[in-house]
Every structure is written in structure tokens, then in C-alpha cells.
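Residue numbers (this note's numbering), protein chains in the order written: chain A, 1 to 120; chain B, 121 to 303.
It should be emphasised that the hints constitute simulated quantities derived from the structure, not laboratory data. Ideal placement from N, C-alpha and C gives every residue a C-beta, glycine not left out.
Quick list of the computed label-pair ranges, beta carbon to beta carbon:
#1 B:206 with A:56: 28 to 36 Å
#2 B:186 with A:24: 25 to 33 Å
#3 B:178 with A:24: 17 to 25 Å
#4 A:61 with B:134: 33 to 41 Å
#5 A:52 with B:140: 24 to 32 Å
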Amino acid sequence: MSEDMEQSDLERGLRSALRAVDPGEGFAPRVLARIAVEPAQVERPARAGAMVSWLAFGLAASVVLAVLLAHEWQVRRLEQGREARRQLIEALRVTDEKLDLTYRAVNSREGAATAEHSGA
Amino acid sequence: MSGDGECTGGDLLTRALAGERAAFGAVVRAHQRLVFSLALRMLADRHAAEDLAQEVFLQLYRNLSTVSSESHLVFWLRKVTMHRAIDRLRRAPPLERAAPEEATAAASETEPGDPLLERRLRSLVAELPPAGRAVVLLRFQEDLDPVEIARTLKMPLNTVKSHLRRSLAQLRERMTETADVLT
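Full structure from sequences and hints, please.
Quick look at the structure:
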């Protein structure tokens, strides 16, 4: 009981001893004066933050653009390769046909010459 | 506060957020007692307390957009003041710190009560370790309950309670010693 009493006395004493203290009339003007002389420092974090986010955005956009360009270049190379292959196959086919015709022509001439020879 | 008397804290905050310096000045005046008192009792040095209190309000000016209401503002001011004070006490070598008496002498304002006893109590609070001192100040100066103190100091509730218990025991013991010396 007496300890509780002491405790509450102590707490009452603390509340009274620790009452708030005013820094005085000049405090707010001094804070405003500090804000006035340090506007750059006060506003810099916001500006720096905006600059950092713009830089990050620019960097990200550049990376995306580079990836897209690389992809486009790769697709074009593949298409060019396919076109070259198609043209080569076509050229080979045409050559093959020509060779076939020539072979037939030679064969038919040889056949006619042999028949003439044997008839004579 | 003349001219701002009719404005609520929320109005002042909105106007300060819109860039009105006078409104921010009114916000400072409305809360300077709270911030300065906490800083003074934590640092036990009037000049250091004034400097810290100014820094707290500069930080508020920079971060005004993050404060959503009057009650949030009070919570924010208590939190930032206590964290800055604890940081400063950790950084400052003990020799550079002012004698606790400086704070106790500066704090006396005319109020009922035993001035000598109150002065002694303030002196003993200033001798508590920083975390214990912060808990005692928030409990008896700001009248916060342990849950609110835990939120303000980002401390587990049980740690707050044990700081409070230990600090009160220490204060009671030292007060008893003082009383024994006087009788």
C-alpha cells in the first residue's frame, strides 16, 4: 500500500516536473529564417528524386529500345537467310531442269544417229 | 498565433502544404512546446535542444506531404524528435554533453509544486539511459500509454514496459537516497 502510494506520488511528481516548456517567441521566426536561407537544400531532395526517376525511366526505355532493335535485326537476318536459301534452291532447280533437257536432247540425237548408222 | 486562431490544425496543414509560409509558421508555433520540451529533456542542453527542435521542423517542412492529419503530425513530431535525440546522444561523446542541471534549471516555469523536488526529479530523469529517458518522457510528459510509446519509439511493448519499470525503480531509489540525505 505504501509502495503504491510512493509510486503514485512519484508519478505525480514526474508529471509536474516534466511539464512542457516553451522555447520562446522567437523560435518560430528562427525556424522560418532557416527555411528561407536553405530553400535549395529544402527543395533539392524532391528535385533530385524527380531527376533520379527520370534517369531511371530513360535508362529503362533505352534498354527496352535496344532489345527491340536487336530482335528486329535478328528477324531480318533470318528472313534474308531464308530468302537466299529459297533463291539458291530455285537456281538449282532451274539448272537441274536445263541439265535434264540437255541430257535428253543429247540422248535423242545419239539415238537417231545410231539408227541411221544401222539402217545404212 | 494571431490570425491563425480561427484555423484548425488540418486547415493549417493544408495551407502549409500549399506553400504558405505563414501557415507553416503557425504549425511550428502550435507544436514548438512539444518538440522543444522533448528535445530539452532528452539532451539536457538548451542550445542543443533548440537546434534539434529547429532540425525537426525543417525535416517536417521537407516531408509535409507525407503528413496526413493533425494527429499524424503530432505522432510524427514525437517520433522524429525522440529518434533524432537518441541518435545525437549516441553520437556525442559523454564529455561533450552538457551537465543535466542545465536542462533542469532552464525548465522551471511557475507552477504549483515543490520546485526543489521537481528540479531534483528532472535532474534524475536526465541521468537515465537514453532509451529509458525517452520512455519516461513520453509516459509522464506526453501522457502516452505503453502501446503508443512502443509505436512512437518502434520498440517492442515488453521492452517499453521493462524500461518504464526499471526507470521508475531507479528514480524511486534515487529519490529515497535524496530524502535520506536531507533528513
